[in-house]
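Protein chains in written order, with our numbering: chain Z, 24 to 137; chain P, 112 to 224.
Check the hints yourself; a few may be wrong.
[Stated by the list, open to error] Taking lysine to any residue and the SDA-like style, the derived pairs with C-alpha atoms no more than 25 Å apart in a straight line are: (1) Z/60 / P/170; (2) Z/60 / P/139; (3) Z/60 / P/200; (4) Z/60 / P/129; (5) Z/28 / P/209; (6) Z/60 / P/138; (7) Z/79 / P/200; (8) Z/91 / Z/55.
Hints are computed from structural coordinates only; laboratory data are not their basis.
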Amino acid sequence: DQQVKQNSPSLSVQEGRISILNCDYTNSMFDYFLWYKKYPAEGPTFLISISSIKDKNEDGRFTVFLNKSAKHLSLHIVPSQPGDSAVYFCAASQPPNTGNQFYFGTGTSLTVIP
Amino acid sequence: DAGVIQSPRHEVTEMGQEVTLRCKPISGHDYLFWYRQTMMRGLELLIYFNNNVPIDDSGMPEDRFSAKMPNASFSTLKIQPSEPRDSAVYFCASSLFGNTEAFFGQGTRLTVV
Numbered sequence: 024d025q026q027v028k029q030n031s032p033s034l035s036v037q038e039g040r041i042s043i044l045n046c047d048y049t050n051s052m053f054d055y056f057l058w059y060k061k062y063p064a065e066g067p068t069f070l071i072s073i074s075s076i077k078d079k080n081e082d083g084r085f086t087v088f089l090n091k092s093a094k095h096l097s098l099h100i101v102p103s104q105p106g107d108s109a110v111y112f113c114a115a116s117q118p119p120n121t122g123n124q125f126y127f128g129t130g131t132s133l134t135v136i137p
Numbered sequence: 112d113a114g115v116i117q118s119p120r121h122e123v124t125e126m127g128q129e130v131t132l133r134c135k136p137i138s139g140h141d142y143l144f145w146y147r148q149t150m151m152r153g154l155e156l157l158i159y160f161n162n163n164v165p166i167d168d169s170g171m172p173e174d175r176f177s178a179k180m181p182n183a184s185f186s187t188l189k190i191q192p193s194e195p196r197d198s199a200v201y202f203c204a205s206s207l208f209g210n211t212e213a214f215f216g217q218g219t220r221l222t223v224v
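If we strip away everything but chain P, and leave its shape as in the complex, we get (with noise of 0.2 Å):
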């Protein structure tokens, strides 16, 4: 397997934009999680599904955060209207069992001007 696969690798958009970041899991694994990662609070969990149905929010930062997982190998996660603090570093990452460890993507780097 390839691992997890994330695109685009660099983003750079203009505030106001809608942004659509991208994922694809690690075939057979059940959990995915999106993860922002900021100099002050490191890596921060957005939100995370188990298969393909969304459990917790709760990290996901105001309603212009939306994700979905339409099936077992692809996944989203879209901002609009993007703002220049969204500014980060977004994660993917996909693991067997919700408590084991965690595969990573290599993640996006957006920007927002």
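Looking at chain Z on its own, in the form it has when it is part of the complex (with noise of 0.2 Å):
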């Protein structure tokens, strides 16, 4: 029973251009979202988080749009390098008292072609 769904396995993009990656939730009560980077052989590293009182949350390239009436969230990388080629999970949590755990997605592969 996924909870957390990334429907894309697979993106690419052109150098410059925006990336657009989109996940799916089913929880109504996750609260708290994030996207997890992660290199071949290496473990995933954290990137960038929001919070559902916010719609969007920004960090130099990187901004995560909520959209809580869909049960949907999506990352944008304005403009796409190829150092961001990787897989990308994102993630949700419920409030602190209803669990302490992460639900993560099965991940996009993102290539930024030169």
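Each of the two chains sits in its own frame; use the hints to bring them together as a complex.
This is how it looks when you write it as structure tokens:
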């Protein structure tokens, strides 16, 4: 029962263009969302997060958008760079008093073409 | 801090053998998580600890899997007996609080033949 879904296993984008990675969730209790980036043979590293009280959070080239009514979030990377080529995982969690685990999606492999 | 340290990085074992994966979390982090990465399910939580106490092990696939955290700086994930379908990358992660970003180790790639 996958509560966090990333329906695009892969995405290719030209360098300099925008990359948009999508994530859907089913649990309305989720109130905190994160994106992780993973290079081959390495562990995932935290990229950016957003709380459910916001609908947008920006950090440099990375922006996460949250649409609670649609239970959808997206990660925008502008401009995309070859070093952004990696697998991106979306994750979600419930409020602390209802559980302390993150539910991860299956990941989207991004390739930025020089 | 050197981050979350996992050992070994790679493990190849024969079906039926016992396998032990090790993890050293970041000092001061109260939460420790064990994940398994597969193509079908992505990063799947197996078990997590808070202050060395197992809180939720509902993700542990079978009784063949067990995890311990004897102290704040060490945890093990054991599979006995191992089976080929256990082949995956196993990650350990730690966090300061339960619902803040977790820091992952580099993972252990397990191959059971």
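The hints, checked one at a time:
With a C-alpha separation of about 23 Å, the suggested pairing of residue 60 of chain Z with residue 170 of chain P holds against the 25 Å cut-off. With a C-alpha separation of about 24 Å, the suggested pairing of residue 60 of chain Z with residue 139 of chain P holds against the 25 Å cut-off. At roughly 16 Å between alpha-carbon atoms, residue 60 of chain Z and residue 200 of chain P fall within 25 Å of each other, so this suggested pair holds. With a C-alpha separation of about 32 Å, the suggested pairing of residue 60 of chain Z with residue 129 of chain P is violated against the 25 Å cut-off.
Distance restraint check for residue 28 of chain Z and residue 209 of chain P: the Cα-Cα separation of roughly 22 Å lies within the 25 Å cut-off, and the hinted pair is therefore satisfied. A hinted pair counts as satisfied when its Cα atoms are at most 25 Å apart, and residue 60 of chain Z with residue 138 of chain P qualifies at roughly 23 Å. A distance of roughly 33 Å separates the Cα atoms of residue 79 of chain Z and residue 200 of chain P; the hinted pair therefore is violated under the 25 Å criterion. Note on residue 91 of chain Z and residue 55 of chain Z: the hinted pairing holds, with a Cα-Cα distance of about 11 Å set against a maximum of 25 Å.
Violated hints, listed in ascending order, are 4 and 7; each of the other numbered hints is respected by the structure.
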